[in-house]
Structures are given as structure tokens and as C-alpha cells.
Amino acid sequence: MKRLLVFLLKAVYLLPFFLFGAWLLQTAYFPQFELKESLAVVKSPAKEDDVFGKILNRQEAVPRGHFHIVDEYIAQPEPNPPICLTCHGTYPHSKNEKVRSLLNFHNGFIACAVCHARRERGDENIDFAWVDRNTGSITTQVVGEYGKYSAKIFPIVRDAGGQKKIFRPVDEEAARQFLKLKAQFTPDQIAQAKVKLHDHITTHPVFCSDCHQKDGYLNFAKLGFPRQRIDHLNSTEVVGLVAKYKTFYIPSQIDFGVEKPLQ
Amino acid sequence: MRLNLINFIIFLALLFVILHFGLASAQTDVIPDTENCLLCHRYPSMGRYDKSGQKRIFYVNEKQFANSVHGKLRCKACHVGLDEIPHTDVKKVDCSSKCHIKEPSTDKEFSHINMVEKYRASVHGEGSAKKPKPFAEDLPTCKYCHNNPMYNPFRGMWGKSEALSNETLARCIGCHTKKDWAEKFYSHFTQRMRNRRSQTEIIALCTSCHEDREKMARHGLESIETYKDTFHWSQVKYGVENAPDCLSCHVPVGYTTHDIRPRTDPVSPINIANRVNTCSNQGGLQTCHPGATARFATGRVHAYGMKAQIIAATGEVDGVDAEAQGLALVRQRAESDIPAEDIYHYKVLKLIKLFYQVLIAGTIGFMCLHQSLDYFRTKRKHKKSH
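As they're listed, the protein sequences go chains A and B.
Using my numbering, the letters of the first sequence map in sequence onto residues 1 to 263.
Using my numbering, the letters of the second sequence map in sequence onto residues 1 to 386.
The shape of chain A in the complex, shown without the other chains (with noise of 0.2 Å):
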């Protein structure tokens, strides 16, 4: 046992010294092996591009090639992300095709379970609030304009003590145990568990008018928007188009205001 337990040991040193020579006499005399190697590129076929392999490589926040020079904002990190984000990426709406990307312009400053978890009318326990980015904490201090503020406006609710929350549909905890163990699970598990996850989230979720309307869905006044902001937001021009969309011209009069910092 102890001359096998030497032997390996020896082995174990001598190896990469004889790999090493190898690998020597072969650049050395066998030179063609690596004509072959830069050859064996012109040698496939051109292949289908590799479309998956480019996703996971793209790692770029902002793609180089973006010929309208983005700003830094929309590579920001969100230190406290709704769990949807998780499953769902930053432009999670591409359903509907007419809306998707006004939907999408929506997520960078509305959690998700806003619209997706729908308060029923008359329900007094759920309220909307700031809450700001990097806290994550209830807040009524808001910097920015136009989608660029330093808070997102949550679902809040009061838990026993009274005090105010994140109203949170999906339980983030057993969704992230879901993703841990995702790959045990059977076909059927799996769409047994998102059924699960998605219990809370309506299948009719808020739509542009039920907002963008007098008293509608959000209290912009209660969030702090300015008089002046909250009248272009409650401008149904737009949104009555879209709702009733069949074709729709972009107007050019309407007037939706300069927005100032929220404060």
C-alpha cells in the first residue's frame, strides 16, 4: 500500500515534466499539427449562428452599437429588484405587439405587482408608494425626471402593527428556492409550481386607461406628482387611443408639460 501511495506520488510529480516534453516534441516535429488547428476554421462550413452562445456572452449593459448614445442610467443596477425581474428580464411586456415597448418605458420606475396584482376597487388595505432605490425603504423624497427617479412606486400594505410594507404577491423566498431546485424538477413540476408562484397575479392587469384617467388607478396627487404633471398624465389622448387602438397617428400638438423634480 505505502509503495503504491510512493509510486502515485511520483507519478504525480514526473507528469507534468513528460507532458511538457511532449507537447515540445510535438511543436518541434510535428509542426503540421498547427497548420491543421488554424485551418480546421476554413475547414467547417460557415455555422448557424450560434444565437444562444451570443446571448450568454453578451455581457454589455449598453450594446456598443447603439448609435444614439444612451446614457449611463439604463445600466444602472437595482439594488432591490421586484423577484418578476428574476424570471422575467428588464423588458418583460412582448405580447402585444402595439404596446410592449410603452409598457416596457413603464418598468423602470413601476414595480411590477403595481399592475399585475391588481387592487379590486374599494380595497382600502393596498396603497401606492415610492420606495426609493437603494434604501428600499417607504420614501417621499423622489429625485428625477421622466422615468429617471431615485425611487419605484410599490404596492404598500400595513401588517398587523400598522406599520407600511411592500406588498409582495410572489413569495420571493419560495421563488428562489423554485429557481434553485428548478432543474429537479418534471416538466409537470414545474408548471405546477409557477402556477403556484403566480397565484396572487391577476390575469387582467391594469391597463394604460385605468390610470392614465381622472381618479384612476394610481393617486398621482398622493405620490406627489405636480398639478400640472398630473393633468398631462391624465391626458386621455393618448391612452384613449391605444385602448381603442386601431390606427394611431402621433399627435404632434399635445403638450405633456415639463415635468420638474418630484419633491
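Please keep in mind that the hints were generated in silico from the structure rather than gathered at the bench.
Here the structure is a predicted model, which is why all the values come from computation and not from measurement.
A couple of the hints might just be wrong.
[What the hints assert, rightly or not] Below are the DSS-like pairs computed for lysine-lysine, each with C-alpha atoms no more than 30 Å apart in a straight line:
| id | chain 1 | residue 1 | chain 2 | residue 2 |
| --- | --- | --- | --- | --- |
| 1 | A | K95 | A | K2 |
| 2 | B | K143 | A | K98 |
| 3 | B | K215 | B | K91 |
| 4 | B | K92 | A | K98 |
| 5 | B | K118 | B | K178 |
| 6 | A | K95 | B | K384 |
| 7 | A | K95 | B | K143 |
| 8 | B | K98 | A | K2 |
| 9 | A | K164 | A | K196 |
| 10 | A | K148 | A | K182 |
| 11 | B | K228 | B | K133 |
| 12 | B | K379 | A | K10 |
| 13 | A | K2 | B | K381 |
| 14 | A | K152 | A | K165 |
| 15 | B | K381 | A | K10 |
| 16 | B | K92 | B | K102 |
| 17 | B | K63 | A | K98 |
| 18 | A | K10 | B | K384 |
| 19 | B | K76 | B | K215 |
| 20 | B | K63 | A | K148 |
| 21 | B | K228 | B | K63 |
| 22 | B | K91 | A | K152 |
| 23 | B | K51 | B | K91 |
| 24 | B | K184 | A | K148 |
| 25 | A | K98 | B | K76 |
| 26 | A | K194 | A | K214 |
| 27 | B | K379 | A | K152 |
| 28 | B | K215 | B | K350 |
| 29 | B | K228 | A | K98 |
| 30 | B | K51 | A | K95 |
| 31 | B | K102 | B | K72 |
| 32 | B | K51 | A | K98 |
| 33 | B | K143 | A | K148 |
| 34 | B | K51 | A | K182 |
| 35 | B | K55 | A | K95 |
| 36 | B | K51 | A | K194 |
| 37 | B | K381 | B | K353 |
[As the list claims (entries may be wrong)] Every beta carbon over 10 Å from chain B, so not counted as near; a handful from chain A, in silico:
| id | residue |
| --- | --- |
| 38 | D71 |
| 39 | F167 |
| 40 | L179 |
Even for Gly, the Cβ is constructed at its ideal location relative to N, Cα and C.
Given the coordinates of chain A, assemble chain B onto it according to the supplied hints.
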């Protein structure tokens, strides 16, 4: 009555202040969004994923756009067919179209058509209708190399001094009294004075394609990884001012990036007939190799690569299919590109390489053998002494 007059004067003063600052800010930060595009496009999270999985960002930063070279254009000047939402009928931006701005030297509608035509005829162009290039999707589009460049801030012009810019501009405004126009013209002019990109940015852009071995092979080219073995690259790497990047040799003074030609083309700056001029950079700000002779200019800048290996390889290379895609093209180009003298050089270099490889392998091999023998001798001695 007197009070009314004072009130009126105060009102006029206030009006002047409001208008003055209002207009001043409008000149720098706000674009005339007459088409109301910013209604949606000013929001940073505006975007979606397209069918290929590409992230499409539809955000436009208003202030940055206003200070860009296209800042005076309406969105629809470039993005044609944006009348409906969603923009399903939008056409691809065509840089050769007329954008309804008067070009001051001819007073005609401005267009990038001159550059686009040159580009189409260049080595990067898609070829003619009769003879289109294969794998057109590999070729760079306008947007691949260009973004919407920003005007330099005044302090950045001429390198350092804002005061110098102010003094120069003051001279312009003496005659060209419209300050907004003069500032724009000055910004445009000074922005074009020197290369906008650093050497490393230019190299990164060119190598993003030219180091892709698969892509290059599809076009019968070899990748230019060997540039990184050259003295030119070393200079760039260590931040030497005016160190030569790709454009220094491939687009020297008198040439344009849109008109890069293969080296076999007589007008190419790297064609053997033009190389002395290119190496010495005659007419440029600095003469790189002022005493360049014809012999000096024939030297290889990029190290020997795959083409030379193919040509120098004697007989059939085991397992390589000569008819394989790309290989025939590479071989064909190699035969016309590389003179017999270069192949001889390559063979000599290979022999020198082989000599060193054998020498190193022999030295290290002998060292290993010596150490092993020494180890066993010590062990035997140790055994005997016990």
C-alpha cells in the same frame, strides 16, 4: 402713474431675464421635438427584445442628442415611416438619403451619399448588383462603426483650453453675428479637426471583425491577430502619442476610411507602389518614417500568418480538404498576395523557430533526465548507507 411706470419697467426686465435664460437653455439642452417623439422616447426603459434576442433600446437622451452632430435634425428626417404606433412600417435608416438641411458650400440638400457611394465601392462594400459579395451579413453597416457623435465641449477643443475656444469664437462672431449658428459651425469644424477616436478605440473597432478567424476565412482573409506582435501595437499599448493604429497605414493623409481598398488595388495606400508615401506619412502632421526607401516599404508589417503557412506547406496536409469552404479562397488570395521571396523568408523563419524549439526541448529534457538520474542515484546511495 409713476408706480405704474416702475411696474412696467420691472415687468420688462423680468420678461427679458425669462426670455434670455429660457432661450439660452433651449440652445444647449432642448431639441425642437416638433414631432413629439420624446413623449415616449425620453424614458430610459423604453425598449424590447427583438426576434433574434437582441435588446433594442428605444431611449433617446434629449440633452445628448441636442449636442450631437445630428441635433438639429427632426427624428423623421432619418427615421422614415414613423407616422403610426407601433412603428411597424418604419424603414431602415438610409444614410444616403437627403435630410432637408442645406449644405452651405453648395446650398443643396445635404446627404451622406458621397461617402456611401465610396463605401459601396470599397473593400467593405457589398459589391455590385452583378457581382455581390458572399456573406453580406458579415460586412459592416454605417451603424457598426458610427454612432451619433457628440460635439466636443468647448474646453475639450484644441485639446485643453476653453479660453482659447472662446477667443477664437469671438473672432467668428465679429462677422457671423448669429451666435447659435457660429457656435454650431465652430463645434462642427473643431470636432472634425482630428480623429475622434483614440488609437485603442480604432484598433478595438477594426479587430472586432478582423480578429474573427471564422468571419475572415469566409472572405478568404486571414485574421490579423499578428498585428499584436508588431512594434506598432507595442507603441499603442504603452500610450505613445501618435502611435500608429490601423488607420495610420490603411487610411493615411489624402484617403478616407470609407474608401479602403485591397492592397492589390493600385490606389490603395498599402499597395506596393504607394507604400513609401504611406510609411513616411507625407503631408501629415508627423512624418513617421521620413527616410523610408522602397526597400524599407516592402517589409512586412503584420507577421507571417496562416496564408504563408498554407503556401509553404509542402504536399498535402493530412486531413485538410482543399475544397472546403473558404480554404480555396484563402489559398487563391495567398498565392497572389505573397511573393516567392516572402515564402522563402517564412521557411527560414520556420527553421529558426524549429531550431529554438529543439534547443529548448533538448535543454529542458536533459535537465529533467539529469534531475531524475540524480534523484535515483541519491536514493540508491541512501539505501546502501542503511
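Worksheet entry | Given pair status - A:K10, B:K379, alpha carbons within 30 Å | Between B:K379 and A:K10 the Cα gap is close to 13 Å, so the pair holds against 30 Å.
Are the Cα atoms of A:K152 and A:K165 separated by 30 Å or less? Status holds; Cα separation ~14 Å.
Margin query: Does A:K214 sit within 30 Å of A:K194, going by the straight-line distance between their CA atoms?
Written below: Distance of about 36 Å is beyond 30 Å: violated.
message: Holds or violated: B:K63 and A:K98, Cα atoms, limit 30 Å.
response: OK: B:K63 and A:K98 at ~28 Å, within 30 Å.
**Prompt:** If you draw a straight line from the CA of A:K95 to the CA of B:K143, is it 30 Å or shorter?
**Reply:** Measuring from Cα to Cα gives roughly 28 Å; hence the hint holds.
Given the hinted pair B:K55 and A:K95, is their Cα-Cα distance within 30 Å? Given pair B:K55, A:K95 holds - Cα atoms ~15 Å apart, limit 30 Å.
### Query
Are B:K228 and B:K63 close enough, with their CA atoms no more than 30 Å apart?
With Cα atoms ~39 Å apart, B:K228 and B:K63 exceed 30 Å; violated.
Taking only the CA atoms, is the gap from A:K148 to A:K182 under or equal to 30 Å?
With Cα atoms ~35 Å apart, A:K148 and A:K182 exceed 30 Å; violated.
**Asked** Given the hint that B:K51 pairs with A:K98, does the C-alpha gap stay at or below 30 Å?
**Response** holds (15 Å)
Would you check the hint for B:K63 and A:K148, treating anything up to 30 Å between C-alpha atoms as holding? Between B:K63 and A:K148 the Cα gap is close to 14 Å, so the pair holds against 30 Å.
Keeping to a limit of 30 Å between CA atoms, is the pair of A:K164 and A:K196 held or broken? holds (26 Å)
Next item on the list: Would you check the hint for A:K2 and B:K381, treating anything up to 30 Å between C-alpha atoms as holding?
Entry: holds (21 Å)
When held up to the earlier numbered hints, the structure conflicts with 1, 5, 6, 8, 10, 19, 21, 22, 26, 27, 29, 37 and 38 and fits the remainder.
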